[in-house]
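Visitor: Order-wise, the sequence lines are chains Z, S, B and P. Under my numbering, the first residue of the first sequence is numbered 38, with each subsequent residue one higher. Under my numbering, the first residue of the second sequence is numbered 38, with each subsequent residue one higher. Under my numbering, the first residue of the third sequence is numbered 38, with each subsequent residue one higher. Under my numbering, the first residue of the fourth sequence is numbered 38, with each subsequent residue one higher.
These are calculated hints, taken from the structure and not from any lab test.
Since the list gives no way to pick out one identical chain from another, each pair is judged satisfied if it fits inside one copy or across any two copies.
Derived DMTMM-like pairs (lysine to aspartate or glutamate); straight-line CA-CA distance at most 25 Å:
# : residue 1 : residue 2
1 : K68       : D113
2 : K156      : E107
3 : K90       : D133
4 : K48       : E155
5 : K156      : E104
4 protein chains.
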Amino acid sequence: MIQVAVIGSSKALPEEEEYKVAYQLGKEIAKRGWIVVCGGRTGIMEAVCKGAKEEGGLTVGILPSYEGTEANPYVDIKIKTGMSHNRNPLVVASGDVVVAIGGNWGTLSEIAYALILEKPIIGYKTHSVEGLIQARGIDQILEFLDTFSR
Amino acid sequence: MIQVAVIGSSKALPEEEEYKVAYQLGKEIAKRGWIVVCGGRTGIMEAVCKGAKEEGGLTVGILPSYEGTEANPYVDIKIKTGMSHNRNPLVVASGDVVVAIGGNWGTLSEIAYALILEKPIIGYKTHSVEGLIQARGIDQILEFLDTFSR
Amino acid sequence: MIQVAVIGSSKALPEEEEYKVAYQLGKEIAKRGWIVVCGGRTGIMEAVCKGAKEEGGLTVGILPSYEGTEANPYVDIKIKTGMSHNRNPLVVASGDVVVAIGGNWGTLSEIAYALILEKPIIGYKTHSVEGLIQARGIDQILEFLDTFSR
Amino acid sequence: MIQVAVIGSSKALPEEEEYKVAYQLGKEIAKRGWIVVCGGRTGIMEAVCKGAKEEGGLTVGILPSYEGTEANPYVDIKIKTGMSHNRNPLVVASGDVVVAIGGNWGTLSEIAYALILEKPIIGYKTHSVEGLIQARGIDQILEFLDTFSR
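Between the sequences and the hints, there should be enough to build the whole structure, so can you do that?
Guide: See below:
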């Protein structure tokens with residue numbers, strides 16, 4: 038089963054475009070029978086999990102705490118790490134492919150780990166980093182994912 | 038969804054009783070609609086995943102490497118950590134309840150973490166540790182899991 | 038420089054024998070020009086650091102938090118991990134030799150990791166674990182350390 | 038004791054300017070009685086440790102492996118993590134201040150963690166990241182460190 042790591046800010050709000058793109062992406066990942074892997078929290082992580090669940094998909098949250106109470110309500114599988122921000126590399130390592138949407142320093146750390154681990158990665162309105170393709174929209178993200186999965 | 042962490046030696050062989058108990062346990066976890074969480078490798082981890090998959094269950098392997106190639110063929114969700122043995126606490130932290138079957142030093146480290154994190158835990162032919170109930174067989178393990186889930 | 042990992046309960050009090058043995062051990066480690074490595078907190082960790090500092094030794098605390106404010110006042114080098122209990126394996130991995138004094142589940146996890154990593158280890162009034170020598174007192178601990186360092 | 042985290046590429050060579058700046062920085066850190074904390078390997082890490090040792094300073098290497106054999110010869114204290122690249126956040130978390138010199142994706146991950154953890158950080162010929170001051174040379178780095186330590 039293909040695992041898609043989706044990374045981005047925990048602060049993105051439902052009315053923001055990044056949230057909407059992540060939500061749409063979650064739906065498309067689920068429709069393809071793939072699995073969402075993320076940090077399990079709010080913002081982009083919530084959006085992609087919500088989208089995936091609405092299409093009957095499966096979602097994994099790799100969480101900062103031991104208790105896992107910070108998980109958004111759309112996380113199916115809770116990986117409770119107790120490692121705080123140090124869980125970031127595990128999110129991208131667990132993706133066969135990585136999508137970065139918006140984001141702040143946590144997302145930048147994850148983009149860096151995706152590049153360290155030589156993961157296929159595409160961004161959308163995220164940090165400008167050498168070697169990171171920036172998609173124009175959801176269509177180009179999906180094209181990248183579909184190409185990857187062939 | 039209830040997540041059951043199953044821990045034990047990577048060296049247990051199919052002809053050994055511990056392997057058979059883990060395999061049977063995997064089946065019962067799947068029948069109850071619960072999820073198997075384990076270290077994703079051979080031995081007890083393979084046995085419980087194999088049992089779960091034969092009943093249509095879902096299995097999660099929290100793996101030592103970044104590549105995940107050490108996963109047994111019955112692992113659905115691969116959490117690739119790159120943390121070697123340091124991934125052990127994540128396995129028990131991710132269980133709502135923990136079952137220890139047989140095992141060596143890795144299993145002892147996981148039992149210790151289960152006790153640190155105050156997880157409900159039951160053992161079978163595993164390390165004798167204060168505060169760890171030793172089940173007589175699969176029935177008592179299931180009774181413990183069923184009591185827990187009520 | 039030889040690094041001696043000293044593990045044990047954060048709850049040991051100065052009036053307890055285990056605390057006194059750890060304090061004495063800290064002095065002896067420092068006299069030999071070796072380095073104390075520990076979890077950096079209270080109890081046994083404080084005792085061994087205090088002893089070492091009184092003899093002009095050097096102490097390292099591998100701490101659970103990112104901030105390091107939980108360090109006892111006798112820690113020189115602060116390794117701030119943000120990994121909570123998951124920092125335990127790093128303490129024993131960083132010792133060329135390991136001494137376990139008293140202790141609870143955290144100490145048991147560290148003993149298990151010492152055995153996983155095949156470290157020379159000696160205990161004093163600690164968990165009874167196969168393969169772990171229990172010293173009768175400080176003299177036998179020092180004999181073990183001196184033998185090891187030759 | 039002030040701990041200065043120095044991060045940068047493991048591939049920098051002695052004839053390169055970044056290596057020379059890191060070497061000079063190591064000397065200055067040692068002269069001030071501060072401690073070098075780094076990833077303990079080659080390149081920039083070796084340069085800063087070498088400089089520090091030539092001035093009688095103390096160096097800490099937070100290493101990827103459990104064995105620590107990858108440490109450069111100028112590392113005094115070896116923190117052996119077994120966590121591969123996941124040890125990166127520990128390097129910056131353990132610095133009271135962070136200096137980034139040159140570098141590749143590993144360095145970018147460390148810069149991101151420095152920003153997540155709100156560490157004072159200065160760069161030299163490193164990744165262009167919002168919020169990261171780029172020094173013109175060793176003098177400006179030292180000015181930053183001296184200001185910080187007052």
